[in-house]
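Put chain B on the given structure of chain A with help from the hints.
Residue numbers (the UniProt record's numbering), protein chains in the order written: chain A, 1 to 424; chain B, 1 to 424.
FYI, nobody ran anything at the bench for these hints, they're computed from the structure. Don't take every hint at face value.
For chains that are exact copies, the list does not tell them apart, and a pair is met inside one copy or across any two.
Below, simulated SDA-like cross-link-like pairs (lysine to any residue); rule was C-alpha separation at most 25 Å, straight line [claimed, not checked]:
(1) K277 - R118
(2) K277 - P415
(3) K277 - R83
(4) K277 - S230
(5) K167 - A226
(6) K167 - E16
(7) K167 - G137
(8) K167 - G209
(9) K167 - L355
(10) K277 - E367
(11) K167 - P415
(12) K167 - S19
(13) K277 - W29
(14) K277 - I181
(15) K167 - T25
(16) K167 - R232
(17) K277 - P354
(18) K277 - G128
(19) K277 - N318
Only a predicted model underlies this, so the values are computations on that prediction, with no experimental measurement involved.
Number of protein chains: 2
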Amino acid sequence: MQPKTLTAEVVSIGDEMTSGARLDTNAQWLSRRLGELGIEVTFHSTVGDTLQHNIDVFRIAAGRADVVVCTGGLGPTRDDLTRQALAAVVDQPLELRQSALDHIQGLFARRNREMPPRNEIQAMFPVGSLQILNPQGTAPGVDVTVRRGDHSTSRIFALPGVPAEMKRMFDETVAPRILEISGGSRTHIEHEVMKFFGVGESDMEQRLGEMIDRDHVPRVGITVSAATISLRISAIGQSPQECRQQIESTRAEILERVGDLHFGDGEEFEQYHAVEKLLAERGESLVSLELGRSAVLADWFASLGQSSAYRGGFCFANLDELAAVLEVDYAAAMETLRRRAGAQWLVAVDAYPPLESNADSPLPAAEVTLIVIDPTGEVFSTTSRLGGHPSIIYQRIGKAALAWLRHTLAESPAPRPASPTAES
Amino acid sequence: MQPKTLTAEVVSIGDEMTSGARLDTNAQWLSRRLGELGIEVTFHSTVGDTLQHNIDVFRIAAGRADVVVCTGGLGPTRDDLTRQALAAVVDQPLELRQSALDHIQGLFARRNREMPPRNEIQAMFPVGSLQILNPQGTAPGVDVTVRRGDHSTSRIFALPGVPAEMKRMFDETVAPRILEISGGSRTHIEHEVMKFFGVGESDMEQRLGEMIDRDHVPRVGITVSAATISLRISAIGQSPQECRQQIESTRAEILERVGDLHFGDGEEFEQYHAVEKLLAERGESLVSLELGRSAVLADWFASLGQSSAYRGGFCFANLDELAAVLEVDYAAAMETLRRRAGAQWLVAVDAYPPLESNADSPLPAAEVTLIVIDPTGEVFSTTSRLGGHPSIIYQRIGKAALAWLRHTLAESPAPRPASPTAES
Numbered sequence: 001m002q003p004k005t006l007t008a009e010v011v012s013i014g015d016e017m018t019s020g021a022r023l024d025t026n027a028q029w030l031s032r033r034l035g036e037l038g039i040e041v042t043f044h045s046t047v048g049d050t051l052q053h054n055i056d057v058f059r060i061a062a063g064r065a066d067v068v069v070c071t072g073g074l075g076p077t078r079d080d081l082t083r084q085a086l087a088a089v090v091d092q093p094l095e096l097r098q099s100a101l102d103h104i105q106g107l108f109a110r111r112n113r114e115m116p117p118r119n120e121i122q123a124m125f126p127v128g129s130l131q132i133l134n135p136q137g138t139a140p141g142v143d144v145t146v147r148r149g150d151h152s153t154s155r156i157f158a159l160p161g162v163p164a165e166m167k168r169m170f171d172e173t174v175a176p177r178i179l180e181i182s183g184g185s186r187t188h189i190e191h192e193v194m195k196f197f198g199v200g201e202s203d204m205e206q207r208l209g210e211m212i213d214r215d216h217v218p219r220v221g222i223t224v225s226a227a228t229i230s231l232r233i234s235a236i237g238q239s240p241q242e243c244r245q246q247i248e249s250t251r252a253e254i255l256e257r258v259g260d261l262h263f264g265d266g267e268e269f270e271q272y273h274a275v276e277k278l279l280a281e282r283g284e285s286l287v288s289l290e291l292g293r294s295a296v297l298a299d300w301f302a303s304l305g306q307s308s309a310y311r312g313g314f315c316f317a318n319l320d321e322l323a324a325v326l327e328v329d330y331a332a333a334m335e336t337l338r339r340r341a342g343a344q345w346l347v348a349v350d351a352y353p354p355l356e357s358n359a360d361s362p363l364p365a366a367e368v369t370l371i372v373i374d375p376t377g378e379v380f381s382t383t384s385r386l387g388g389h390p391s392i393i394y395q396r397i398g399k400a401a402l403a404w405l406r407h408t409l410a411e412s413p414a415p416r417p418a419s420p421t422a423e424s
Numbered sequence: 001m002q003p004k005t006l007t008a009e010v011v012s013i014g015d016e017m018t019s020g021a022r023l024d025t026n027a028q029w030l031s032r033r034l035g036e037l038g039i040e041v042t043f044h045s046t047v048g049d050t051l052q053h054n055i056d057v058f059r060i061a062a063g064r065a066d067v068v069v070c071t072g073g074l075g076p077t078r079d080d081l082t083r084q085a086l087a088a089v090v091d092q093p094l095e096l097r098q099s100a101l102d103h104i105q106g107l108f109a110r111r112n113r114e115m116p117p118r119n120e121i122q123a124m125f126p127v128g129s130l131q132i133l134n135p136q137g138t139a140p141g142v143d144v145t146v147r148r149g150d151h152s153t154s155r156i157f158a159l160p161g162v163p164a165e166m167k168r169m170f171d172e173t174v175a176p177r178i179l180e181i182s183g184g185s186r187t188h189i190e191h192e193v194m195k196f197f198g199v200g201e202s203d204m205e206q207r208l209g210e211m212i213d214r215d216h217v218p219r220v221g222i223t224v225s226a227a228t229i230s231l232r233i234s235a236i237g238q239s240p241q242e243c244r245q246q247i248e249s250t251r252a253e254i255l256e257r258v259g260d261l262h263f264g265d266g267e268e269f270e271q272y273h274a275v276e277k278l279l280a281e282r283g284e285s286l287v288s289l290e291l292g293r294s295a296v297l298a299d300w301f302a303s304l305g306q307s308s309a310y311r312g313g314f315c316f317a318n319l320d321e322l323a324a325v326l327e328v329d330y331a332a333a334m335e336t337l338r339r340r341a342g343a344q345w346l347v348a349v350d351a352y353p354p355l356e357s358n359a360d361s362p363l364p365a366a367e368v369t370l371i372v373i374d375p376t377g378e379v380f381s382t383t384s385r386l387g388g389h390p391s392i393i394y395q396r397i398g399k400a401a402l403a404w405l406r407h408t409l410a411e412s413p414a415p416r417p418a419s420p421t422a423e424s
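Chain A extracted, bound-state conformation (with noise of 0.2 Å):
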């Protein structure tokens, strides 16, 4: 049975929102989590912690969407209403429930506190409604089915708005219960995001053909960060089994038309964590050089802090600032620094270019050099027009330089590996 299809409105609470004193992330990630589920997300609403402005907020949601998902006001403070105002759009009375008062006080035991009396009002709910188990946090959620004039109805799914708390209690509870009113016996869900470098958003978009339509089954998502393009494909069905499936063919598809610039899995994937993969599995190490204005690549590969596959990252305007540090020839300087470093590759970036101060439209492409010394001593170097926005120039440059390492350690034969029983 085919799903019917939802409308969705995303409602974001709190003053900290509207006077803009906070950036809101949560609205963007549910419209996304919302559009894997197959759902068409048509509005957003911000409203800060007015209780009369909740009710007409959640009011107007009602009656303009099937389902609704709101974030924040589960607080135990006198700011926090959501819960006052969903029982007001139901006409409902709050009641305490015991199961959520006893994890409520359970999560204070765990930490040794006694639950302060104002943390009760977490515990209530509008009678009739659904609780939303918080696994991490005090505040449950709250799931409440308003009925509107025309006998139709709409679900309201309140969560708190931190984003932790939130994620996990969409995807444990919330996103079930919404493909179950959306009909049908497919009630199971499955992600899998796989990560791609090499191409701009336009020419992926064209190499993926239908596969990025919306009506797509199972649907395959595009975003782009900082020139890494991800893809998200999110399988519905009834079963894991059913959604793995899907997941594996769709896989095999992707990789087929455009597997060459593919380079990772997961949401978190980069490339520097591809080359350090590598690198390990090779038993090989790596010594970064970037010269110019930026340290992208120094500050990527810290971050997977004590890599044996990581020897350090030097910056400088220029080499000859590379060759007075290690009081050798300019000519000799990289290949010194690969041997002193006792690492087996060297990266280089020659040269970041300056950027306007304050510029905020797109950079002209500018000749930049990646070059990358081999385990031998053999630099093989190639030189790129790259340009783009200026927040992310500089990353788009250090990962052009980490593709080129990657294809040059994947021409490079693997040094016989070392052995399991080595250390025996």
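Then chain B, alone, in the frame of chain A:
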């Protein structure tokens, strides 16, 4: 005359926002600016590119807010419908404005291009509406007044979604018009941003006391970004002079209360700019060394470009590796680095602590040693306990190192300044 307190709603238009493909940052920026004008933002709404939905959103907004500022939907393509929606809301036809058409054709002519016919729509305005000049782009803004049932009115300002164009149009045209609506003769606004480092937000608020109250004249807004605190003074007056006077006296009062934490002025000004300025004035230079899991100092200083005050950055897992690269003794590594790099000063972080992967809650404070070596080779070191959210902890540590460097610089007598005619 005291201005009337107005309420405002911010509306964002575009499928890319409701679907979550793009994060809406315009609404936050506009909310802050409106707050600085003394206007309370009570709602945000986001709507996709559907004409009827746009009309509905504008009707609701005009019904509940005195001022509506919307962004998006003013482009030349068929899914840009803001103009048409506004015409429907005020029940007026669209008419061609020759002055707007001339402006658009002029922009194309300057780029040596013919104006495509579809851009003509950008010169169409609802009868009775005002234009908002867009000096940078082809989309002029629209300023319409909506009459409400109770004979009051609401004013809608429609701006393009491109942030650079939107911001300039708001500051140059919309803000003065809003000050006119709010009544009185105070139609000028001036801003000043002061930057601070060294305490948390709540301590800062406590020390500033009533200065950051909402009704303080002039208004002082506080924001925090990765442990840097910004105070934004927004003075509204009858003349630029009156605004300047308000700013100067408020600035003096702020410096009296928290001057010890102040390191500079301007939206984009950070401690590394302050350090670079200090060193350039002294004719001295700096090298940075970062041990552990980050290279934020190198990345910040590199972004300054060909500054003679920054000699380079080094990032290693530990000091042994630096010693190996320099081929010197462990104990001599830092001082050797400073000398060979030709720098008077060295700043070092030992060390950025590891993070749990995917951690999403504040880290317990870790002991970090911050080291400065001065031009005589003397070592100044301090140990701090620093914690915070994983997304900002490395920046906070880097900033603490810069605060330590600034402190040490302030205690160190400046060298005799280079003669201004030294090159002659």
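Results of checking the hints against the structure:
1. When the C-alpha separation of K277 and R118 is checked against a cutoff of 25 Å, the pair qualifies neither within a copy, at 50 Å, nor between copies, at 51 Å.
2. In the homo-oligomer, the alpha carbons of K277 and P415 lie at most 25 Å apart inside one protomer (15 Å), although the nearest pairing across protomers, at 49 Å, exceeds that limit.
3. In this assembly of identical chains, K277 and R83 lie within 25 Å of each other by CA distance neither inside one copy nor across copies; the values are 48 Å within and 53 Å between.
4. Taking the shortest Cα distances, K277 and S230 sit within 25 Å of each other inside one copy (19 Å), while across copies they are farther apart (40 Å).
5. In this homomeric assembly, K167 and A226 come within 25 Å of each other (Cα to Cα) both inside a single copy, at 24 Å, and across copies, at 23 Å.
6. Taking the shortest Cα distances, K167 and E16 sit within 25 Å of each other both inside one copy (20 Å) and across copies (21 Å).
7. In this homomeric assembly, K167 and G137 come within 25 Å of each other (Cα to Cα) only inside a single copy, at 12 Å, whereas the closest approach across copies is 39 Å.
8. Taking the shortest Cα distances, K167 and G209 never come within 25 Å of each other, neither inside one copy (31 Å) nor across copies (36 Å).
9. In this assembly of identical chains, K167 and L355 lie within 25 Å of each other by CA distance solely across copies; the values are 21 Å between and 37 Å within a copy.
10. In the homo-oligomer, the alpha carbons of K277 and E367 never lie at most 25 Å apart, since the shortest distance is 29 Å inside one protomer and 30 Å across protomers.
11. For a Cα distance limit of 25 Å, the shortest separation of K167 from P415 qualifies neither inside one copy, at 43 Å, nor across copies, at 56 Å.
12. In this homomeric assembly, K167 and S19 come within 25 Å of each other (Cα to Cα) both inside a single copy, at 24 Å, and across copies, at 17 Å.
13. Taking identical chains as interchangeable, the C-alpha atoms of K277 and W29 are never at most 25 Å apart, the minima being 29 Å within one chain and 41 Å between chains.
14. For the homomeric pair K277 and I181, neither the shortest alpha-carbon distance inside one copy (43 Å) nor that between copies (61 Å) is at most 25 Å.
15. When the C-alpha separation of K167 and T25 is checked against a cutoff of 25 Å, the pair qualifies both within a copy, at 11 Å, and between copies, at 21 Å.
16. For the homomeric pair K167 and R232, the shortest alpha-carbon distance inside one copy (17 Å) is at most 25 Å, but the shortest distance between copies (33 Å) is not.
17. Proximity of K277 to P354 under the C-alpha cut-off of 25 Å is restricted to the inter-copy arrangement: shortest distance 18 Å between copies versus 32 Å within a copy.
18. With identical chains, the CA atoms of K277 and G128 are never at most 25 Å apart, being 52 Å at best within one copy and 64 Å at best between copies.
19. For the homomeric pair K277 and N318, the shortest alpha-carbon distance between copies (21 Å) is at most 25 Å, but the shortest distance inside one copy (30 Å) is not.
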